[in-house]
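One letter stands for each residue in the lines below.
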Amino acid sequence: MIDITLYHYLFVGLVLFVTGLTGSIICKNVIKVLICIEFILTGVNINFVAFATYCGSPSFDGYIMALFYIAIGAVEFALALYIFYLMYGYKKSDKIDNYGDL
Amino acid sequence: MYNQIIFYISVFLIILFSLLTIMFKNIFYSLLSAIVVFFVTGILFFLSGSEYNGIVQLAIYGFAIPIVLGISVMFVNTQQKDKTKDENKTTNFRYAVLLTSLVFIMGIYYLIITSLTINPNSINYTENSVISSFDNIEIFAKGIFNRYAYAFELLSVILTMIVAGLTIWKRRIQ
Chain A
1 MIDITLYHYL
11 FVGLVLFVTG
21 LTGSIICKNV
31 IKVLICIEFI
41 LTGVNINFVA
51 FATYCGSPSF
61 DGYIMALFYI
71 AIGAVEFALA
81 LYIFYLMYGY
91 KKSDKIDNYG
101 DL
Chain B
103 MYNQIIFYIS
113 VFLIILFSLL
123 TIMFKNIFYS
133 LLSAIVVFFV
143 TGILFFLSGS
153 EYNGIVQLAI
163 YGFAIPIVLG
173 ISVMFVNTQQ
183 KDKTKDENKT
193 TNFRYAVLLT
203 SLVFIMGIYY
213 LIITSLTINP
223 NSINYTENSV
233 ISSFDNIEIF
243 AKGIFNRYAY
253 AFELLSVILT
263 MIVAGLTIWK
273 RRIQ
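As given, the protein sequences belong to chains A and B, one line each in that order. FYI, in my numbering the residues of the first sequence are 1 to 102. FYI, in my numbering the residues of the second sequence are 103 to 276.
The hints are simulated quantities; they were obtained by calculation from the structure and are not laboratory data. All of these numbers come straight from a predicted model, not from anything done at the bench. Incorrect hints may appear among the rest.
Under the rule of at most 25 Å between Cα atoms (straight-line distance), these lysine-lysine pairs were calculated in the DSS-like manner [as the list claims (entries may be wrong)]:
1) Lys28/A x Lys95/A
2) Lys127/B x Lys91/A
3) Lys244/B x Lys92/A
4) Lys92/A x Lys28/A
5) Lys244/B x Lys91/A
6) Lys95/A x Lys244/B
7) Lys272/B x Lys91/A
8) Lys92/A x Lys272/B
9) Lys28/A x Lys244/B
10) Lys28/A x Lys91/A
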């Protein structure tokens with residue numbers, strides 16, 4: 001069986017990034033768009049960790065950056081859902097087209 | 103050997119369920135698929151040697167975010183859509199499996215191509231720099247509390263300001 005290399009992880013990151021980007025463009029549901037944005041962040045995280053692991057950096061900065069991204073992504077997600085919750089009371093719809101006048 | 107098998111199964115699950123997240127019309131099924139993707143990504147971090155990132159990923163994206171998402175889905179009225187749109191779940195699943203297989207084949211092609219390339223910087227991208235779990239925690243401690251201490255503090259201040267701003271905004275709306 002082929003050994004796992006950096007390119008394997010880069011491929012997974014690429015697939016998650018493209019899936020998230022496509023989903024955030026084509027999906028109409030606000031929550032689904034937010035989930036797809038999280039997919040993009042997760043793909044970036046995989047790249048950070050993979051580069052830190054395979055490129056031989058002694059300080060492993062990629063791990064720290066991945067931790068930054070997880071923290072920022074989680075808080076950003078919670079805030080976006082909070083804004084959605086606030087606006088849902090007025091709009092009564094979860095379609096993203098109705099949120100153009102935010 | 104076991105690591106490779108787990109890696110390939112994890113990748114297959116990530117691709118399949120990320121596609122299903124987009125394809126499902128029902129937001130609840132999308133949410134469940136997304137939880138699987140986030141959870142399996144944590145396992146990938148474990149495999150790559152970053153246990154701390156794996157634990158954080160599992161704790162935040164595997165448990166905390168799905169709870170927040172589940173609560174937000176409860177606010178959304180999905181029953182009306184279920185009545186009007188009859189979703190064909192098996193067709194969605196077939197499309198997703200087909201697409202996943204295609205992506206997998208493309209991935210194998212990509213890996214064969216990249217294995218033939220010559221690395222100009224003479225960095226060996228195929229060797230995993232293995233570190234022990236204790237070193238891993240030490241690296242995080244040095245990074246968070248030494249080099250990136252101010253960045254983390256600044257980040258926490260900014261996020262607190264955003265939360266406070268949103269709370270004030272909510273009160274003004276009311």
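Each hint, compared with the structure:
1. Lys28/A x Lys95/A: holds (5 Å)
2. Lys127/B x Lys91/A: Since the Cα atoms of Lys127/B and Lys91/A sit roughly 20 Å apart, the hinted pair holds (cutoff 25 Å).
3. Lys244/B x Lys92/A: The given pair, whose Cα atoms are some 48 Å apart, is violated under the 25 Å limit.
4. Lys92/A x Lys28/A: holds (15 Å)
5. Lys244/B x Lys91/A: Distance ~47 Å between Lys244/B and Lys91/A Cα, so the pair is violated.
6. Lys95/A x Lys244/B: violated (45 Å)
7. Lys272/B x Lys91/A: holds (15 Å)
8. Lys92/A x Lys272/B: holds (17 Å)
9. Lys28/A x Lys244/B: violated (43 Å)
10. Lys28/A x Lys91/A: holds (15 Å)
Violated hints, listed in ascending order, are 3, 5, 6, 9; each of the other numbered hints is respected by the structure.
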